[in-house]
Every structure is written in structure tokens, then in C-alpha cells.
Amino acid sequence: MSLPSAGRAVLVLALLLGAPRGAPAQQDSTTRDSLSARVDALEQRLRVLTRLRELEADSAREAARTRPGVAAGADGFVLRSADGRWRLRVGGYFQADGRFYLHDSLALGINSLIIRRARPIVEGTVFQYFDFRIMPDFGNGQPTIYEAYLEARLLPALAIRAGKYKPPIGLERLQSVTDVRFIERGFPTNLVPNRDVGFQASGEFGGGVLAYAVGVFNGVPDLGFGDVDASDAKEVAGRLFAVPFIRRGRHAPFDLGVGVAGSIGNERGTVAAPGTSALRTPGQLTAFRYRSNGTVAGTTIEDGRRSRIEPQAYLYRGSFGLLAQYTVSRHTVRRDSAIAKIRHSGWQVAASLFLTGEKASFRSVTPKKLFDPRAGHWGALEIAARVQETSVADAAFPVFADPGASVQRIRAWGIGANWHLARGVKLMVDYERATFLKGATAGNRPPEQFLATRLQTVF
Amino acid sequence: MKDALARSPAPLLLTLAGGLLAASAVGAQKPVTLLNVSYDPTRELYQDVNQAFAAQWKAKTGQTVTVRMSHGGSGKQARSVIDGLEADVVTLALAYDIDEIAARGGLLPANWQSRLPQNSTPYTSTIVLLVRKGNPKRIRDWGDLIRPGVSVISANPKTSGGARWNYLAAWAWALRQPGGDEAKARAFVTSLYKNVPVLDAGARGSTTTFVERGIGDVLIAWENEALLAIRELGPDKFEIVAPSLSILAEPPVAVVDRVAKKRGTAAMAQAYLEFLYTPEGQELAAKNYYRPRNTAVAAKYASQFPKLTLITIDQVFGGWAKAQRTHFADGGVFDQIYASR
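Chains as they are written, first to last, in our numbering: chain A, 1 to 459; chain B, 1 to 341.
Excised from the complex, chain A in its bound form:
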């Protein structure tokens, strides 16, 4: 920052030109010395100011390095220690739904507005390697601890998790509910556990190309949600999933994930807690259930081996997305002295497309232009369609389930539109039509036409 000597000479000369003409030589010399001293003093002040700015910048850098971080944004509210080894995030999501059953002449469904999910999330990391997550749910008018677990991330290839969480089976179940393309998940998800308590080891190899998870759980019915176990029998669940192009990043031809998951275990139900599974319609009405009248003779219970298997895949290319799964859930059921192995199955193929050009993903998508009407930005628009089917084997009828009250098969197709205002903030509308086999005293249950809406906010 020092002035070059030529510059100094020019500056002194310029100042001298401003001095009175014709002054004696002695006076000129004195003036020159005085001006030179002033230039020196100014130069020193300039250097001091520059150095002080350098030191302030150093201090700011040091402070940023050592000071705990606080952030608020799309990822919620985050506190982080300076070294990043401690972290606390407070976030959550909220979903307000409208459910409408069209042409519902038998009044099977009730048109309603519900708080489907209201889930604050507290999660974090302690001592760098240990994560925790607590997520209650206040939706559906019933407060519940939905997830609560600890996880030790020991190595990329090994993490140990304990607590209550999603067992590693259903693909769409493992997708965050804030990222699913339809308001209600598809039929295959009805055949896998929702949340269960257990231990799990998981990890990945090859930079995420291959991931595994295997765990021991209490065991819950299909779509079940458990806090405590009613029997000594346990269930083992596992999943192997490959994302072959993950290491090619942006240069991958497409985002493909393919895998297989399953579970096996035993279940011993009782008349009070039969442990059997049910099937739901797209409108979340129960369409199949096993017999239950509170007596041993009239109640079907789960009694023996229960297993599930699900081949699963997704594919995303550009704005287009495709998700497919086929799930088989086998149950050993007993009613009084009658025992049978009953097969439940379900599949779905769901496609989605961003009309506004966003890159589709298994995870959340951020609109290219966040909703800002004053700037003429309206977010992202996505359309979706799916076909799906679920069924129960013939062997369930009529001994274990009543064909006059429970359907044997549901086929459905649906379309939907999602308006993404920002990441995690969206308006959804779906229409789904389902037809049934059996389920009525005479013939088949009438078709269901279901219209659903959702307002979702993630914070």
C-alpha cells in the first residue's frame, strides 16, 4: 500500500504547485520538508487503516471458525458447534387434507377435513458420530411418539440404530411422506410395517452404490405401528438397494435405484389382540379385515410364520419419475382349529412429470423459481398418475374373512397434480377410482371415487 517513489514525487510536486510563487529558496525548502512530512504522515495513516482492516478480517475469520453456528432456513432451525461435532435441528411438517368420496351412495366414507400429520422434529448429533431423532405426531387428533431413535454412525459401512422407526422394507414407506407424489401411498405400502421398535445395522459401499440394512424388530402387522410387543416372537427385516449411477453425479444417464427387501418372523396373536392385517382403499377405508367377534371361535388370529418380500425400483430422468414395487405378505392365521397360510399381495406403478422443467428425484424437489407472485414466479407444477392392485388369496374366504364384508381384490387408477411453491411447501390434489372384487353381501362392493387435497408445509 506504500506510495511508489514516482507517485510521491508527483504528489509533493502537485502540493508545491499550490504554494506561493517567488518565495525565497529557504522558504521553498521548508515548505517542501513540511509537505513531505505530511505525505509521510498520511501514508502511515493509510497503512495503519489498511492493517487494521486486515486484522479485523483475521478476527472475523477466527470468530467464524470458533463460534457456534446458528441458522434458520429451508432445513429448519439449526444450532451447530464450531467444530461441527454437535448439532441440533428443530423442524417439522404439517399436512392439512380434504377427503371427499364422490358418488358414495352407501355412505361408506365421510367427507372431511383433517389434520393428517402435524409432526415437529427434533434431531441432532452429539460427539460427531451419534445421531438422535424424536418426532411426535399430533395429526388425526391423537398425539403419538411416531419416531424416536438413536443411531451411531461408526463407519460409512456400519451404523447402528435403536429405537422406533421405519423398518427397512417398503420403498414408498421409506420415502419421506413430504416427498411422495400422491397424497396417500400406494397399496404395497399397506403390506409392510409402518413403524416398529428394534435394532438395525445399516451402511453403504462404493460411495453409496450399494446400501444394506438389516434389523431385528418386535414385529407388527401390515401397516402396523408398534410401541410394545404382545409376544416373544420377533421379526427380522432387511433390504439391499443399489443406486448404480450415483458416483457419476450430474453425468449419470439417469437416477436408478433398484433393490429387494423383506422380513421374516413369527407372530402369536390373541383374541384381544389378533395381530392380523387389513387392506385399505385409496380413500383409506378398510375394505378387507379378518373375522373378529371377540370369541375364540369367531376370531381369526395371526399364529405362526409371517414373511414379506418386495422387489422395488425407481427411475428418474430429467423431469420424469417412475416408481414401482410389488409386495407379497404371507400370513399364518388360525380361527379356532382351522389354520391356513394366506397370501396378500400388492403392486403399483406410479409416474410423475414436472411440467415446469424441474429435475425429478426420489427426494424433495426445489422449484426452479420459488413462489413469488410479485416477481411473476409461480413455483413448479408436477402431474402424476398411477395404477395399482392389491388382493388376498382365495384361502382367506370364507373361514377366516367374510366375503360379504371384505373384498378380495382392489384395482385402482389415479391422477394427481402437485403445485410446489417452495421446497416442501406444496398443494396437492388427487383423484383415484377403485373397483373391488367381493366385499358385498350380493356381488362386489361398489367402486370408490376419491378426491383428496392437501396443503403441506415443511419447516
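By construction, these hints were calculated from the structure, which means they are not laboratory data. Careful: at least some of the hints might be erroneous.
Here are the in silico distance ranges between beta carbons for each label pair [what the hints assert, rightly or not]:
hint, chain 1, residue 1, chain 2, residue 2, range
1, A, Thr50, B, Asp48, 32 to 42 Å
2, B, Thr309, A, Asp33, 29 to 39 Å
3, A, Ser36, B, Asn135, 31 to 41 Å
4, A, Phe199, B, Asp48, 53 to 63 Å
5, B, Arg68, A, Ile145, 26 to 36 Å
6, B, Gly234, A, Gln27, 35 to 45 Å
7, A, Arg67, B, Arg43, 47 to 57 Å
8, B, Arg341, A, Thr457, 50 to 60 Å
Examples of chain B residues lying across from chain A (beta carbon under 10 Å, computed) [said to hold, decoys possible]:
hint, residue
9, Thr208
10, Arg213
11, Gly214
12, Gly216
Note that this is a predicted model, so its numbers are computed, not measured. Think of the CB as a built atom: it goes at the ideal place given N, C-alpha and C, for glycine as much as any other residue.
We have chain A; now place chain B onto it with these hints.
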């Protein structure tokens, strides 16, 4: 073979034991890293020391050792160690900073200073004045630093050990002037800091300010730092002014027991510090302008150090604990002086 093993497992056990011994012998040769957390101006000294110690250790034990360094203001470095920086050894500017590591961090015993010769101070230094060539402001002694128009460069005593030595040397000089007392010393030091335009965090930073940024007329500096500046930049640019009185600065060294024990480096860390007392270590200290303790080496290098009257911190200030409490603790004399500028 299978039958032989079935008859007696001894050969197999011997093979296994031999393998384990071999593996443990290989383990002993595993390269080891030490972390030396030091103060600002010791970079050049420990580059030389680390290289020489590594060679000596390798020759003696066959083991490769790499000594990593961390440099900064001495007080700041001590806080980093207390806060978890895993130093095997600390080589700081003053004993108080290591006392803090012992007291607040509990990382080494309170009697750490008695574990090595000469109060764990293998070399000493002092405080001198570095001026620009020709001494344009005619600075001859401490008293010239408070003249109007004299710009003085010194680091911040709150973060820099060297700056605390600077401050105390100036205070001691004022006390020793005819009619000098605590009030006059305080007034003198207050005037001195009024002439300090920039407070760097560490001694090396203030050298940068003076030497590289061209700020100020005089740098209050470690003697070794001033001599190094002249060696690196040429005697045609700077010269040293030896004040009539200065302070004997004793930068101590210590093994951080808890860290060294945890990392299994205690013996090596001890050997590293003991190396500083060897004739070779003392030579390296002298070559880097630290005053060696070894009398023979000191005599050999006597000509490079100006003759000074040196007081000690115990003589004038009653030791580091008292000096720290009085002058440099939050709200102490320095804070009061600097706030009144």
C-alpha cells in the same frame, strides 16, 4: 502335518507367538506424530529442532517421528489446548500460560516447571527495540517511545505472551527511573500505548506490521525476532536499539501429560523436550537467536547478543501469577489503560 499338529499344538502356538512378537516389533516402528503447540515467533527454531530431533530419534530407535507445529499468540494457544487441541508438548512464551493449562485444563501437574532443568526453560530471550535503518526518530531508550509523533508497534498483551513481556519491561524501566513509582510507571505505559496504532494478536503479527507493512517507527520485539528480521531482511533496513534495561524472558516447555499418555507418546515427548537441553539443541536455539542456557554454547554465541541489564519478573512483579492478576486479567491495569486511550 495335520497329524503332527493334532499330536502337539506347541509348534503352532510357537509360530503364533512368533508372529505376534514380530507384529509387535513392527508396531514399535510405526511412524508417530507429535503436536507441539507453540507461540508465534518460534517457527524457524522448531523447524530446525524438529528436523534434528527426528533424525536423532530415528537413529536411536529406528522409529520415524513427525513433529507438527501450531503457532499463535501464547495466551490464545494455551486456551486452545485447554479447549481440546491435543498437544503432546507445549512450548509457550511464559509460564503463566502453562500454569493455566495445568489449573484450568488439568492436563499436567501443577509442579510441571520443576520437571526439567532451569525451570523448564531451555533457552531465554529478552525484549529489545527494532527501528528502521538510521534510526530516523532517534530512539535510544524506553523513554523515547512516548514522544509525540513516535509510532510504536507491539502486540496485544491479552493474547500475546511476547507483548506481556514488552509491557512488563516498559513498566520495569519506568519504575527504575529516578523518582519512579507505580503511578509514574502506569502513566508511562499509558502514554506508550497511546502511541501504538495497531495491536496484533501475536508477536509475529506485529513483526509483519512493522517490517512488511512498513507501519511505525519502532517495534518492541523479542530479541530473537528482531535479530531474525535483520538477518532475513538485511542490516541495511533495520537496526536494534538495546534499551538501558529489559526483562529476562523465560519461555518454558512442558509435556502435556494427559494427551501424551492417551496418545502413547509420553516417552517421545519427554525426549523431544530434553533434546532442547542437549548441546545440539542449544546450538539450534542460539542459531535462531535464543539465548542458550548451556554456558559453553552461550559463550560461543555471546557476540550476537547485545549486553543488557535484565531484571526478572520475580524481582519486580512478584511472579507471573501476580503480574497476570494485576495487569492482564480482565479489568486489570492493561484494560484500564487501553480503554482510556
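Checklist entry - Could one say that the CB atoms of Arg341(B) and Thr457(A) fall in the range 50 to 60 Å? => result holds, 54 Å
Checklist entry - If you check the beta carbons of Arg67(A) and Arg43(B), does the distance land in 47 to 57 Å? => result violated, 27 Å
Checklist entry - Any CB of chain A closer than 10 Å to the CB of Gly214(B)? => result holds, 6 Å
Next on the checklist: For the restraint on Thr208(B), tell me whether the closest CB of chain A is nearer than 10 Å.
Outcome noted: Hint on Thr208(B): holds, closest Cβ of chain A at ~9 Å, below 10 Å.
Checklist entry - Range hint 29 to 39 Å: satisfied by the CB atoms of Thr309(B) and Asp33(A)? => result holds, 38 Å
Checklist entry - Is it true that Gly234(B) and Gln27(A) lie within 35 to 45 Å of each other by Cβ? => result holds, 38 Å
Checklist entry - Per the CB criterion, is Arg213(B) less than 10 Å away from chain A? => result With Cβ-Cβ at 5 Å, under 10 Å, it holds.
Checklist entry - Does 32 to 42 Å hold as the CB distance between Thr50(A) and Asp48(B), or does it fail? => result holds, 33 Å
Checklist entry - Would you say the C-beta atoms of Ser36(A) and Asn135(B) sit inside 31 to 41 Å of each other? => result The hint (31 to 41 Å, Cβ to Cβ) is violated, given that Ser36(A) and Asn135(B) are roughly 19 Å apart.
Item to check | Status of the Gly216(B) interface restraint (C-beta, 10 Å, chain A) | outcome: Holds. Min distance 8 Å.
Checklist entry - CB of Phe199(A) to CB of Asp48(B), is that within 53 to 63 Å? => result For Asp48(B) against Phe199(A), whose Cβ atoms are near 55 Å apart, the range 53 to 63 Å holds.
Item to check | Cβ separation of Arg68(B) and Ile145(A), checked against the hinted range 26 to 36 Å | outcome: Since Arg68(B) and Ile145(A) have Cβ atoms about 47 Å apart, the given range 26 to 36 Å is violated.
Checked against the numbered hints above, the structure violates hints 3, 5, 7; every other hint is satisfied.
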